[in-house]
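Asks: Sequence:
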Amino acid sequence: MAKKKISTKPAHKKPRKKAPKRSPLLDLDKEICRVLPRDHLKYKICVSGAAETGLCSKDAIEKAEEMGRQIACAGMVLVTGATVGIPYWAAKGAKEAGGMVIGFSPAASEIAHVKTYRLPTDYHDLIIYTGFQYGGRDLMLTRAADAVVTICGRTGTLHEFTIAFEDKKPNGVLEGTGGTADMIRDILKKARRGYGRTVFAREPKELLKKLLLLIREQDALSHDGEAYHHDAFPHNQ
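Numbering (the working numbering), first residue to last: 24 to 260.
A few of these clues could be false.
[Claimed, not checked] Quick list of in silico lysine-lysine cross-link-like pairs, BS3-like style, CA-CA up to 25 Å:
#1 K65 - K212
#2 K115 - K65
#3 K232 - K65
#4 K233 - K191
#5 K81 - K232
#6 K118 - K233
#7 K232 - K67
#8 K118 - K65
#9 K228 - K81
#10 K228 - K213
#11 K191 - K138
#12 K67 - K118
#13 K233 - K67
#14 K81 - K65
#15 K232 - K115
#16 K118 - K228
#17 K81 - K138
[Said to hold, decoys possible] What follows is a set of in silico ranges between Cβ atoms, one per label pair, in the way DEER data are often shown:
#18 D145 - K81: 36 to 44 Å
#19 A167 - R239: 13 to 21 Å
#20 E119 - R177: 23 to 31 Å
#21 R216 - L149: 28 to 36 Å
#22 R215 - R177: 21 to 29 Å
#23 R177 - E226: 18 to 26 Å
#24 R239 - G154: 29 to 37 Å
Hints were generated in silico from the structure; no laboratory data involved. Virtual Cβ for every residue (Gly too), placed ideally from N, Cα, C.
My request is simple: use the sequences and hints to build the entire structure.
Replies: Below is the structure:
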């Protein structure tokens, strides 16, 4: 009986499918970024800080970008005063991480925003033109947010902090960034008002974790229909 010839030709292989191109956003920061559905965008975090960064620490801009990136990667919405300086760099960090950014402008229109106030429009998904100048804009900005982050800052930043403080809103202060941020702890001590719902940290990721805990506690209390005491949250170390 004739033996079957065994073919020495390699078996036909199907061509490999090319892997889909990987989004550069996924490689931005593998440790902190997670791809989240848009319906996860629940909390709005305001980043408040100096428009003029000359008085800030050397790494304040870098930390502002990192804070924006952390907010985006946590699936939260960044809100800013649609201005230059620290809030602008935070917006840049958030957008580069695929986040959503909403700005509140002191101007009444885009033309006034750009030509009169000389403020930027990039790195924002939406800018609301309040027409209330800086003081009124600050009120709308902080009221729209679930928490406020202070990085560096001058008097305008202090104004936004105090509005949030009086509203019993979670306040996060990034210490070591210069300006107002490095004075707030002492101001609260001298004012003898307690820390309220203010937390402090020197790194963006740590500060955001503390703020998120406060926000969730506030949510839990409000859902239970209970009032919360201004000094009831021991997260201000």
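Asks: Next step is simple, just say for each hint if it's right about the structure.
Replies: Do the hints match the structure? See the list:
1. K65 - K212: Violated - the C-alpha atoms of K212 and K65 are around 33 Å apart, more than 25 Å.
2. K115 - K65: OK: K115 and K65 at ~20 Å, within 25 Å.
3. K232 - K65: 15 Å, holds
4. K233 - K191: With Cα atoms ~16 Å apart, K233 and K191 stay inside 25 Å; holds.
5. K81 - K232: Distance ~24 Å between K81 and K232 Cα, so the pair holds.
6. K118 - K233: 23 Å, holds
7. K232 - K67: Holds, because 14 Å separates the two Cα atoms, which is no more than 25 Å.
8. K118 - K65: 17 Å, holds
9. K228 - K81: 19 Å, holds
10. K228 - K213: The hint is violated at about 28 Å.
11. K191 - K138: 36 Å, violated
12. K67 - K118: 15 Å, holds
13. K233 - K67: Since the Cα atoms of K233 and K67 sit roughly 15 Å apart, the hinted pair holds (cutoff 25 Å).
14. K81 - K65: 32 Å, violated
15. K232 - K115: 21 Å, holds
16. K118 - K228: Roughly 17 Å separates the two Cα atoms, so the pair holds.
17. K81 - K138: 30 Å, violated
18. D145 - K81: 36 to 44 Å: Violated: the Cβ-Cβ distance is about 24 Å, outside 36 to 44 Å.
19. A167 - R239: 13 to 21 Å: Once the Cβ atoms are compared, 19 Å apart, the range 13 to 21 Å for R239 and A167 holds.
20. E119 - R177: 23 to 31 Å: 26 Å, holds
21. R216 - L149: 28 to 36 Å: Holds, at about 35 Å.
22. R215 - R177: 21 to 29 Å: 24 Å, holds
23. R177 - E226: 18 to 26 Å: With Cβ atoms ~23 Å apart, the hint holds.
24. R239 - G154: 29 to 37 Å: At 34 Å between Cβs, range holds.
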